[in-house]
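2 protein chains.
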Amino acid sequence: MKFTIDALDAETSARATTFHTAHGSVETPVFMPVGTLGAVKTLSPDDLHKNQVQIILGNTYHLYLKPGLDIIKKSGGLHSFMGWSGPILTDSGGFQVYSLNDLKKITTEGVEFRSHWDGSTHFFSPEKVVEIQRIIGSDIMMVLDECISNPSDLETATAAHRLTLEWAFRSRQGFLESSALYHFDQFQFGIIQGGIYPDLRLESIQRLVDIGFDGYAIGGLAVGESQETRNSITQQCVKNLPQNQPIYLMGVGTPLDILEAIERGVDMFDCVMPTRNARNGTVFTQQGKVVIRNAQYKEDLNPLEYGCSCYTCQNFTRAYIRHLFNVNEVLGLRLATIHNVHFYMSLTYQARQAILAGCFQDFRQKFSQAYILDQDKNEK
Amino acid sequence: MKFTIDALDAETSARATTFHTAHGSVETPVFMPVGTLGAVKTLSPDDLHKNQVQIILGNTYHLYLKPGLDIIKKSGGLHSFMGWSGPILTDSGGFQVYSLNDLKKITTEGVEFRSHWDGSTHFFSPEKVVEIQRIIGSDIMMVLDECISNPSDLETATAAHRLTLEWAFRSRQGFLESSALYHFDQFQFGIIQGGIYPDLRLESIQRLVDIGFDGYAIGGLAVGESQETRNSITQQCVKNLPQNQPIYLMGVGTPLDILEAIERGVDMFDCVMPTRNARNGTVFTQQGKVVIRNAQYKEDLNPLEYGCSCYTCQNFTRAYIRHLFNVNEVLGLRLATIHNVHFYMSLTYQARQAILAGCFQDFRQKFSQAYILDQDKNEK
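Protein sequence lines, in the order shown, are assigned to chains X and W. At position 107 of the first sequence (counting the first as 1) the number is 1005 in our numbering, and the numbers step up by one without a gap. At position 191 of the second sequence (counting the first as 1) the number is 1089 in our numbering, and the numbers step up by one without a gap.
No lab work stands behind these hints, which were simulated from the structure alone. Don't take every hint at face value.
Copies of one chain are not kept apart here, so a pair can be met inside one copy or by any two copies together.
Listed next, the in silico DSSO-like pairs over lysine-lysine satisfying Cα-Cα at most 27 Å (straight line) [stated by the list, open to error]:
#1 K1026 / K1264
#2 K1002 / K964
#3 K972 / K1187
#4 K1026 / K1137
#5 K1137 / K971
#6 K1026 / K1196
#7 K1196 / K972
#8 K964 / K1187
#9 K971 / K1196
#10 K1003 / K948
#11 K1196 / K964
#12 K900 / K1002
#13 K964 / K1264
#14 K964 / K1003
#15 K900 / K1003
#16 K1137 / K1002
#17 K1002 / K1187
Just chain X, same shape as in the assembly:
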């Protein structure tokens, strides 16, 4: 994977990079909106382009079940199926299967699980997950890993870590022994596990780098640990990872979490927060969150965020969007989602511009001060 470092921050580990895929280059730090089922919920590809979305995330588990691989293959892959011409990263399905508490059975071979739609039984092995992602045709595929919650005891974390490494090896084999189906190159990222245990994290990194992936993701965070632990593990991982490849922190996070991780050298992020919160009527602004259903906005003729250049803020008032939520007009879901996605894209774009200009710390501090911490800390 072609990768360039565009700037390194002098005061922190923050960096601006660019990596290249067959569907376009991606400038980092970058946030990837989540398009679980072949759509970033409520948005069309046109909406994504207009909000400067560079790359989206698709969910292997969900797409495998619906619409299923036959249709995706017949369509020529997910890009073509959903009409999105930009890069796509797909997760491995591991996290979703891990979330199906009572419906899974993990063995060395792989994981057996039942569909949350109809209870039918399915089996994911590391090799099968590569094969599925060949059919989906994502630009970047993730390896199958075993996710554990935090905190987990050392024994549990060690077992999951060892299995994840064994699967990583088999995943890479599967990747190298197979070919892309749609005439463009795909890449594969490894996932670092090891819970909150630095020794396991370090071993995980060394083994994954020995195997050799196109990029590395920090997994197993944002699943119950403290912010301090998350920052500390993130920092340790970044310091020990190759500096000439993308680093992705999975499932993070709040605007302030993202800035903390950028400061520590992370390039890529994904989270359902901007899209899910939007559908609950909670919108992000530089002054903190706005719960648009609240009565205080009933006659508020300001935009969701003053000075925001998104379609929603340029055309509609808080009073109007509150009304749409109040009467269950689905346009409200889309307008709030457009704003929140724009907010996250703008956050990472501004972080990049600050890194390029050599003033990242200044930007981060100003952003964090304006953003109301009280509102933020309960948002996950």
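Starting from the known structure of chain X, arrange chain W on it as the hints suggest.
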């Protein structure tokens, strides 16, 4: 209201006209998508502009209850509240109140009804409905009328007809004695009632024309009568109405119904059919309707309608849209609505072009032959 006749069809009563409002000119025949609660369901104003929507309809009853007049007034009227810069026509609320079977009480003075949201009691008089539409700031307001179902006996139809005429007189008085609130001219249309009784319809027209409105609507159709009766009443009304003012057939209808009425000289239409059907997953094509959830479309990589220039058909397959409906992604509702609204706009646009070119009958026959009658007849 400035009104020009652009072309008269030689073989039928079809005509192409243009009328002018402060928010733009409208070329007829024209279909007005229904924006009940300050939004054409699932669409943004941008979507409407891109589909060549010229004028939309707002519902006085619904807007009066939610968001309520205070917010609309404070916003500077409905155009500003919902971010729509084109013309708006508002109904009088009569039809909605009439639909609230057990929640209304009609007297000579007006109609008392209970909100379907919270059961609170409200009262609409002809004068009050004008006042409400002054606050909404629609370009064209409709008078309060009493709607009856078809068939109704002569006695019921006569009583409703007489009350509607009395209210029409008071409505016009209220209109002439009040002023626009937002520095642009508003217009007012009268509504012809009289059920299926030609004598009542004729008397209704004569009395309304004596009062003098800016345009005339044919009400009380598409509420249970046969197609033959609807066509016959429509024809009779159009023949007796002034030819130098717009003629509006309320609540119609299917694509074929609209062509029948255009042939008889109607200029304006509204109906929830394209938008409501879209949300149920039923889309219109020139070859009839497509129920997109049907299993036959599971792997269908064609667009909803071959050759259609709408955003949906230019970018997505039937298989993809079926998938969105299948997994309850609200993007599916919007994509189907975009197509259906585009279909209706295209239908009336093509009818106009055919009238201008002197080949309306040819167009109507070709369209009707291709459009599958079997599918159409049960669609209402």
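Going through the hints against the structure:
For the identical chains of this complex, K1026 and K1264 are neighbours neither inside a copy (46 Å) nor across copies (53 Å), given an alpha-carbon limit of 27 Å. Taking identical chains as interchangeable, the C-alpha atoms of K1002 and K964 lie at most 27 Å apart only when both belong to the same chain, with a minimum of 18 Å there against 47 Å between chains. For the identical chains of this complex, K972 and K1187 are inter-copy neighbours only, at 25 Å across copies versus 42 Å inside a copy, given an alpha-carbon limit of 27 Å. In this assembly of identical chains, K1026 and K1137 lie within 27 Å of each other by CA distance neither inside one copy nor across copies; the values are 32 Å within and 71 Å between.
For a Cα distance limit of 27 Å, the shortest separation of K1137 from K971 qualifies neither inside one copy, at 39 Å, nor across copies, at 59 Å. Taking CA atoms no more than 27 Å apart as the test, K1026 paired with K1196 passes between copies only; the shortest distance there is 24 Å, against 52 Å inside one copy. In this assembly of identical chains, K1196 and K972 lie within 27 Å of each other by CA distance solely across copies; the values are 11 Å between and 48 Å within a copy. Taking CA atoms no more than 27 Å apart as the test, K964 paired with K1187 passes between copies only; the shortest distance there is 25 Å, against 33 Å inside one copy.
When the C-alpha separation of K971 and K1196 is checked against a cutoff of 27 Å, the pair qualifies only between copies, where the shortest distance is 13 Å, while the shortest distance within a copy is 48 Å. Proximity of K1003 to K948 under the C-alpha cut-off of 27 Å is found in neither arrangement, the shortest distances being 42 Å within a copy and 50 Å between copies. In this homomeric assembly, K1196 and K964 come within 27 Å of each other (Cα to Cα) only across copies, at 11 Å, whereas the closest approach inside a single copy is 39 Å. For a Cα distance limit of 27 Å, the shortest separation of K900 from K1002 qualifies neither inside one copy, at 37 Å, nor across copies, at 70 Å.
Proximity of K964 to K1264 under the C-alpha cut-off of 27 Å is found in neither arrangement, the shortest distances being 43 Å within a copy and 40 Å between copies. In this assembly of identical chains, K964 and K1003 lie within 27 Å of each other by CA distance solely inside one copy; the values are 21 Å within and 51 Å between copies. For a Cα distance limit of 27 Å, the shortest separation of K900 from K1003 qualifies neither inside one copy, at 38 Å, nor across copies, at 74 Å. In this assembly of identical chains, K1137 and K1002 lie within 27 Å of each other by CA distance neither inside one copy nor across copies; the values are 35 Å within and 72 Å between.
In the homo-oligomer, the alpha carbons of K1002 and K1187 never lie at most 27 Å apart, since the shortest distance is 37 Å inside one protomer and 42 Å across protomers.
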